[in-house]
Amino acid sequence: MTIEVKNLVKKFGSFAALDGVDLKVNDGELLALLGPSGSGKTTLLRIIAGLDWPDSGEVAFNGEDALAQGARERHVGFVFQHYALFRHMSVFENVAFGLRVQPRAIRKDEATIRRRVKELLDLVQLDWLADRYPSQLSGGQRQRIALARALAIEPRILLLDEPFGALDAKVRKELRKWLRSLHHEIHVTSIFVTHDQEEALEVANRVVVMDKGRIEQIGSPDDVYETPATAFVHGFIGESIELPVHVVDGAVRFGERALNLAADGLAPGASKLFVRRHDMLVGPPGSGAFEGAVQHVRNFGPVQRAEVALSGGETIEIDAPRDRELRAGDTIGLRPRRYRIFAG
Amino acid sequence: MGAIAARRRTLPGFGLTMGLTLTWLSVIILIPLAGLLLKSTELSLDQFWAIVSSRRTLNALRVSFGLAFAAACVNLVMGSIVVWALVRYRFPGRRIFDAIVDVPFALPTAVAGVALTSLFAEKGWLGAPLAALGIKVAFTPVGIFVAMIFIGIPFVVRTVQPVLQDIDAEIEEAAGSLGASRWQTIIRVILPSLAPALLTGLALAFARAVGEYGSVIFIAGNLPNVSEIAPLLIVIRLSEFRYADATAIAVVMLVVSFVIIFAVNRLQRWAQDRVPVR
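Protein chains in written order, with our numbering: chain A, 1 to 344; chain B, 345 to 622.
In short, the hints are calculated from the structure, not lab data.
This structure is a prediction, so every number in the text was calculated from the model and none was measured.
One or more of the hints may lead you astray.
Claimed, not checked - In the SDA-like style, the derived pairs of lysine to any residue whose C-alpha atoms are separated by at most 20 Å in a straight line are: (1) A:Lys272 - A:Val247; (2) A:Lys108 - B:Ser525; (3) A:Lys24 - A:Pro221; (4) A:Lys108 - B:Ile444; (5) A:Lys108 - B:Val608; (6) A:Lys11 - A:Asp211; (7) A:Lys6 - A:Arg87; (8) A:Lys11 - A:Leu23; (9) A:Lys24 - A:Gln81.
Said to hold, decoys possible - A few chain B positions that, by computed beta-carbon distances, are all more than 12 Å from chain A: (10) Leu364; (11) Trp368; (12) Gly379; (13) Leu382; (14) Arg400; (15) Ala429; (16) Asp442; (17) Ala450; (18) Val455; (19) Glu466; (20) Ile515; (21) Trp527; (22) Ala539; (23) Pro540.
Unchecked claim - A short list of chain B residues far from chain A (calculated; beta carbon distances all over 10 Å): (24) Leu451; (25) Arg502; (26) Arg532.
Quick reminder that beta carbons are idealized off the backbone N, C-alpha and C, glycines included.
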């Protein structure tokens, strides 16, 4: 099932939750919608599910208008951040719910329903919890049951809203891996919303980065990390050093200092220089684009994280390998190995 | 036993609060009731039975419990609809309607009785059109029924309201996305979650209606065997200085009420076990 979203706009009062969103989701892919809170990612997901309606724009499943249908007809599996399990039903009945409410004409007989629920509980590896109630399960177990319940109706699309957001870090990591392998197994077109970049990069085939109701970049996890399309994406994904620079006459200036960095194709004016922390190489004073004094050093396993006050005013944090120990008070030169400059 | 001992250690104040609780409940509830039972022992078993099984007593009990139950059932249905509208929809005057629900709590029951009587009397605003249809409300058992509905409705609304407010919209969205119709969502998801609160509301409205005296006696007509409620019969017996008779009827009411409330409590416990707290 492919999903096509065209020029979607949704306003809550004067706040534009979605401000002209276009997106194509390929059949069988696992897509992450990544962005800070308020970026519109959950609104987009809910509109695709039919739980919310856009002010304007189109949503099509396999080329067929989805907005003409309600949530009930769309055949979309939805997994909520807070599970939304039915408290008064056993795990078994929760998973069976979607099968039991089918129109009589296509409803399966009891034996088939039982077999199907058993399969699903096996799939999420929780068949031994069938008779328990949701309140007796851990968060991770509840979310797996919620997933099994969503899969019971054999959804054409699976949508997950911050599926691991309410779980602790360790369970989260396990479930991430598990979700990826599950998707590999069942191959249903899936979209999940997250504000956790690590989660998006680790799990998804493609990542959609959103901010303020707009899509900033769509690409593979490598793409969005290695070649961020905008300043926002660079700042949001991975740890970045952000420095205000000026492009003047084909040269990049940082304060009074001209940096010997290529300024090809850059519009003149105020810009921002982005460098990953580990792409800032340390050398002797005068050797690089920047000069600075080391303020603090802290060791994190293979790297040392140093706070450096640049001559020019800004203080940055860099991650340097441990082969050359830095000390507070050292004066060093810094050369960005890789960098991006964005206007604005 | 072990559990109680453990709780006692971790949470201080068990002895003090338990002592106060027992003393208070004894002074307020148990001692008066024990006095009632004691008084009834002045009667021999035969006398007791004669009073209780007399036609007038039985009819009064039937009117009280039967109509109270019917009124509680009506309140359960209508109260649920009121709650649904108050919680789920935003409409002008919602707060005012919400406040109006509490009026039967606060209004002196005699005032309510007089108001209902004049409203439903043969020449009253509602009584006249109903009389044209051949329905007499005031001074008949129907009047008792109406008064019992009036005083019972806030119990259902106020017990169910917070529980419905607590039900997450996500639960309904989940049911919808799993293919449930609106009706299926209500029957299979919302009502079962509300069941314990509904039962509590039913029990409270019922208990209130059984014990109601003030509003009912104005509208009832108080015809023995037809529209005479048990509490009124007790008052009549007291005014005739037949204290033992009054006590015997009171004891029966006490026992029947207790059995019914206990049964509803069990039912509610059972429903609650099926909807464990998150």
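Comparing the hints with the structure gives:
1. Only pairs whose Cα atoms come within 20 Å are accepted, and A:Lys272 paired with A:Val247 is accepted, the gap being roughly 10 Å.
2. Of the pairs offered as hints, the one joining A:Lys108 and B:Ser525 holds, with about 17 Å between alpha carbons and a cut-off of 20 Å not exceeded.
3. This hinted pair checks out: A:Lys24 and A:Pro221 have alpha carbons roughly 17 Å apart, not beyond 20 Å.
4. Between the alpha carbons of A:Lys108 and B:Ile444 the distance comes to roughly 48 Å, so the proposed pair goes past 20 Å and is violated.
5. At roughly 37 Å between alpha-carbon atoms, A:Lys108 and B:Val608 are farther apart than 20 Å, so this suggested pair is violated.
6. Between the alpha carbons of A:Lys11 and A:Asp211 the distance comes to roughly 15 Å, so the proposed pair stays at or under 20 Å and holds.
7. Distance hint between A:Lys6 and A:Arg87 is unfulfilled; the C-alpha atoms sit about 38 Å from each other, more than 20 Å.
8. Straight-line distance between C-alpha atoms of A:Lys11 and A:Leu23 comes to about 18 Å, which keeps the hinted pair within the 20 Å bound.
9. Note on A:Lys24 and A:Gln81: the hinted pairing is violated, with a Cα-Cα distance of about 24 Å set against a maximum of 20 Å.
10. Every CB of chain A lies more than 12 Å from the CB of B:Leu364, the least distance being 32 Å, so the non-interface label holds.
11. Against chain A, the non-interface label of B:Trp368 holds: every CB pair exceeds 12 Å, the least being about 33 Å.
12. Annotated as non-interface, B:Gly379 keeps its C-beta farther than 12 Å from every C-beta of chain A; the closest such distance is 43 Å.
13. Its beta-carbon lying about 45 Å from the closest one in chain A, B:Leu382 satisfies the requirement of being farther than 12 Å from that chain.
14. At roughly 46 Å from the closest C-beta of chain A, the C-beta of B:Arg400 stays outside 12 Å, upholding its exclusion from the interface.
15. At the 12 Å boundary, the C-beta of B:Ala429 stays outside the reach of chain A, the nearest C-beta of that chain being 23 Å off.
16. The beta carbon of B:Asp442 is kept farther than 12 Å from every beta carbon of chain A, the shortest such distance being approximately 25 Å.
17. The claim that B:Ala450 lies off the interface holds: its Cβ sits roughly 34 Å from the closest Cβ of chain A, which is beyond the 12 Å cut-off.
18. Listed as outside the interface, B:Val455 is consistent with that label: its C-beta sits roughly 41 Å from the nearest C-beta of chain A, beyond the 12 Å cut-off.
19. Once the 12 Å rule is applied to beta carbons, B:Glu466 is consistent with being away from chain A; the minimum gap is 49 Å.
20. The claim that B:Ile515 is not at the interface with chain A is violated, since a C-beta of that chain comes within 12 Å of its own (minimum 5 Å).
21. Taking the minimum C-beta to C-beta distance to chain A, about 10 Å, the non-interface status of B:Trp527 is violated against the 12 Å cut.
22. Not every C-beta of chain A lies more than 12 Å from that of B:Ala539, the closest at about 8 Å, which undercuts listing it as non-interface.
23. Non-interface status of B:Pro540 relative to chain A is broken: a Cβ of that chain comes within 12 Å, the nearest being about 10 Å off.
24. No beta-carbon of chain A is positioned within 10 Å of the beta-carbon of B:Leu451; the least distance is around 36 Å.
25. The beta carbon of B:Arg502 is kept farther than 10 Å from every beta carbon of chain A, the shortest such distance being approximately 22 Å.
26. Taking the minimum C-beta to C-beta distance to chain A, about 7 Å, the non-interface status of B:Arg532 is violated against the 10 Å cut.
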